[in-house]
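> Here the protein sequences come in this chain order: G and W. Going by our numbering, the first residue of the first sequence is number 13, and it counts up by one from there. Going by our numbering, the first residue of the second sequence is number 5, and it counts up by one from there.
Just so you know, nobody snuck in bad clues.
Reference excerpt, derived from the structure (chain G facing chain W, CB under 10 angstroms, subset only):
| id | residue |
| --- | --- |
| 1 | G22 |
| 2 | E23 |
| 3 | C76 |
| 4 | F141 |
| 5 | P211 |
Derived DEER-like restraints, expressed as beta-carbon distance ranges:
| id | chain 1 | residue 1 | chain 2 | residue 2 | range |
| --- | --- | --- | --- | --- | --- |
| 6 | G | L17 | W | H175 | 28 to 34 angstroms |
| 7 | W | Q201 | G | P190 | 27 to 33 angstroms |
| 8 | W | S190 | G | R126 | 54 to 60 angstroms |
| 9 | G | P190 | W | L14 | 17 to 23 angstroms |
| 10 | W | Q153 | G | S124 | 55 to 61 angstroms |
| 11 | G | Q52 | W | N301 | 29 to 35 angstroms |
| 12 | G | Q207 | W | R84 | 37 to 43 angstroms |
| 13 | G | P112 | W | S190 | 44 to 50 angstroms |
| 14 | W | Q193 | G | R126 | 52 to 58 angstroms |
Derived by calculation from the structure, the hints in this document are not laboratory data. Note that CB positions come from ideal geometry on N, CA and C, so glycine has one too.
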Amino acid sequence: MNQELTYLLGEQAVVLDLNCARLDDAQQNRLFALHRHLQQLEIGSDIVVGKTSITLVLRNPTHCNTWQERLLTLWQELSATDFHPTTHTIPVIYGKEAGPDLLPLAAQLDLSPRDIVELHSTPVYQVKFLGFLPGFAYLGTVPQQLQVARLDSPRTQVPAGSVAIAEDLSAIYPSASPGGWRLLGHSSTRLFDAQANSPCLLQPGDNVKFVPQKEGLC
Amino acid sequence: MLEIIKPGVLMCIQDLGRYGYRHLGVTQSGVLDPMSMKIANILLGNPPDTAVLEITVGLSQLCFHQPTNFALTGGDLNARLDDGALTPGWRYFARPGQVLSFASSPSALRAYISVEGGFNLHPVMGSDSTDLQAGFGGLEGKALSAADQLSYKTCSEKQSIGALQPPYLNHIRVLPGPHCKHLKHSTEQLLCSQQWQVSADSNRMGMRLNTSSQFSHQVTINSQAVLPGTIQLPPTGAPIVLLNDCQTTGGYPMIAQVISADLRHFAQLAAGAQISFSLTTQTEARQETQKQQNHLNQLRIALTHRDRSFS
Numbered sequence: 013m014n015q016e017l018t019y020l021l022g023e024q025a026v027v028l029d030l031n032c033a034r035l036d037d038a039q040q041n042r043l044f045a046l047h048r049h050l051q052q053l054e055i056g057s058d059i060v061v062g063k064t065s066i067t068l069v070l071r072n073p074t075h076c077n078t079w080q081e082r083l084l085t086l087w088q089e090l091s092a093t094d095f096h097p098t099t100h101t102i103p104v105i106y107g108k109e110a111g112p113d114l115l116p117l118a119a120q121l122d123l124s125p126r127d128i129v130e131l132h133s134t135p136v137y138q139v140k141f142l143g144f145l146p147g148f149a150y151l152g153t154v155p156q157q158l159q160v161a162r163l164d165s166p167r168t169q170v171p172a173g174s175v176a177i178a179e180d181l182s183a184i185y186p187s188a189s190p191g192g193w194r195l196l197g198h199s200s201t202r203l204f205d206a207q208a209n210s211p212c213l214l215q216p217g218d219n220v221k222f223v224p225q226k227e228g229l230c
Numbered sequence: 005m006l007e008i009i010k011p012g013v014l015m016c017i018q019d020l021g022r023y024g025y026r027h028l029g030v031t032q033s034g035v036l037d038p039m040s041m042k043i044a045n046i047l048l049g050n051p052p053d054t055a056v057l058e059i060t061v062g063l064s065q066l067c068f069h070q071p072t073n074f075a076l077t078g079g080d081l082n083a084r085l086d087d088g089a090l091t092p093g094w095r096y097f098a099r100p101g102q103v104l105s106f107a108s109s110p111s112a113l114r115a116y117i118s119v120e121g122g123f124n125l126h127p128v129m130g131s132d133s134t135d136l137q138a139g140f141g142g143l144e145g146k147a148l149s150a151a152d153q154l155s156y157k158t159c160s161e162k163q164s165i166g167a168l169q170p171p172y173l174n175h176i177r178v179l180p181g182p183h184c185k186h187l188k189h190s191t192e193q194l195l196c197s198q199q200w201q202v203s204a205d206s207n208r209m210g211m212r213l214n215t216s217s218q219f220s221h222q223v224t225i226n227s228q229a230v231l232p233g234t235i236q237l238p239p240t241g242a243p244i245v246l247l248n249d250c251q252t253t254g255g256y257p258m259i260a261q262v263i264s265a266d267l268r269h270f271a272q273l274a275a276g277a278q279i280s281f282s283l284t285t286q287t288e289a290r291q292e293t294q295k296q297q298n299h300l301n302q303l304r305i306a307l308t309h310r311d312r313s314f315s
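The following block holds chain G by itself, in its conformation from the complex:
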């Protein structure tokens, strides 16, 4: 196993790099515990979790060197059980106009449309990180049988609320945007509201459970 390390990115950011290809569940939750812990300390203007790293942009850059050591210590001290995620239940209408890629995907994978719905809605997903659009959460992990590449040619417009998959990840488009993920369904849950006090429903590390609605395939 590789040894984790810290370094400075520019003058204001400290990075803890776990220096490995992927995290196991315990490491992943430990990283989210670290994120929450740092948020409560109010020392960072921004704290961003990556796939195998966390970046702390300090309000006061003169503390950079101290924080290189502090991050390593905190990482050692915290454990997966220090993280208590919120679980969100997201109702989804699968198939037809709500999920135009569901039928072609069933045909491609030689599965029934109901198999696809069941495969997609069985796991409890975790928000690995957010990016691409405000409130766009990368949710892992899609069952192996359902893992497929992005569309060869991305759509110029994916409707807000589209529930989609690409490789080992699922996501819900918080706003309309171009996109190459395969659309399985639609959710009317509001994910991002710039005007709200807490603008984003899904936070890093939160759990997401999709619930098929009877208006669609289920």
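Given the coordinates of chain G, assemble chain W onto it according to the supplied hints.
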């Protein structure tokens, strides 16, 4: 009220940017040249983070409908107030009906306008900056277009006054990036040993440089946080300098980080411009930021005394 007659290529409202939301995928936004924005605000006695208009390329016209003092800073886009030529770095007075126009310039790209007391805006997530891609902040989340109106309060005339703006350079100082070891070259070899040309495919999200095929590669990294000033090297070997509207995470190797004090120079670099990089140290980077802060502090003190002696 300030009415947009012609917005030109891109005119938008920006302040120092939106902080604290990058973990939710929200970009920083904000002026590309914070120094110019702060000088404009200090010239008017505004808080330094008061939102301003960022004008790109020029070719634009605005009309003041109420009297106000305004400041013009940033690059010289050959601005005029009616027929009178204006100089960047100066505070002026506009009477109702006067038209502020910008031509363009081969050597400058962005100018800034602030009005005394600031524009009347509704901050979103703690900032007045326009997030152009996500569509919020500024004025209805959009770049300004013809007939848009910005309200401000009427002010009485103050004497015109100028401030020194630090020069724009095309030599950029960087700190080493974390992923050079995967590319088997140093930041110095990858970035500092040649001149680069700014590609036409550049915007507020990032500035692409010309390709250096000798550094093409196949390395990807696990997606991690990127920041304005991060220099990525995609597999083609054409570096990208990320700017204020950049995404929050990225999977290309990060080969360098532009020091904070030098990021403002990118505000004026147009397609075809030549730039070069050199490696610096954390100590020098912090000294440069402190120097800029000292410059602003001196300006504020000098102006406070002058404006008092006039009144």
